[in-house]
Amino acid sequence: MVSVIIPTHNRPRLLQRALRSLQLQLYPDWEAVVVDDGDGSGLEAAQGLCDPRIVAVRNPGRGQVEARNAGLARATGQVIALLDDDDWWQDPTHLHRVVRALRKEKGLVYRGGYLVYERDGLELKRIPFDSQATPESLRRDNLLLASGVAYPRGLHEELGPFDPEMADYWDWDWYLRVTQAGYPLIPLPGRGVAVSIHGANMSYAARLAERKKNLEKLCAKHGLSGIELKDHRMIAGAA
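Position one of the sequence shown corresponds to residue 33 (this note's numbering), numbered consecutively onward.
Any given hint could turn out to be false.
[To be verified] Here are the simulated DSBU-like pairs of lysine-lysine, each with C-alpha atoms no more than 30 Å apart in a straight line: (1) K262 to K244; (2) K138 to K253; (3) K249 to K262; (4) K157 to K262; (5) K138 to K249; (6) K138 to K157; (7) K244 to K157.
Calculated from the structure, these hints are not laboratory results. Bear in mind the structure is a predicted one, so any value in this text is a computation, not a measurement.
Just need the whole structure built from these sequences, with the hints factored in.
The following block contains the structure:
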């Protein structure tokens, strides 16, 4: 069983696209745990698909990290896969590849994909995102697409839940914790993940001071130095 953790915040149309990409997976043994961190429209969208494999709950806490932790608490699968509500899996064999890789080796699976620029539901352009990560390179940049990451659920039993104090960098913090514990990074071939870039998530400059403060917290926690403030669009452009 693969438990797919999907936090959502007032984006029912995009959430349904993410869930439909999950329903198209050829690997059938999954559950989606949708955690609504907004006005409840995510609950309605998830329940509207009438799929018993999709469980939708309210976030008992506040914010995206606590929503993900609430999803973890409800998860019953042996594998955890991450998927943001505005992203989707374009490869119907994605979960097959994840499960096959984790049967061979216990670690953090990741996959490349595309940054998809959208406006009003229309796709404008795609930028490939194929960065190869090592434990050393992860100490310089967040090179993984969260919606392409999966790993054994037991890692949380050993290392704890996601850290709400890391805010924007909860995912980078998790990757560092996993690799520092000695677990390998396991790349999957091909570009199977589509990461949406749209008006609601392009406010990088508007939150510059807040992101800088959160990055400083991450650096202090993991002893990182010389880290530049950047996002996946910048990393893809530099690749």
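These are the hints, each one checked on the structure:
no.	hint	in the structure
1	K262 to K244	holds (10 Å)
2	K138 to K253	holds (25 Å)
3	K249 to K262	holds (15 Å)
4	K157 to K262	holds (20 Å)
5	K138 to K249	holds (29 Å)
6	K138 to K157	violated (35 Å)
7	K244 to K157	holds (28 Å)
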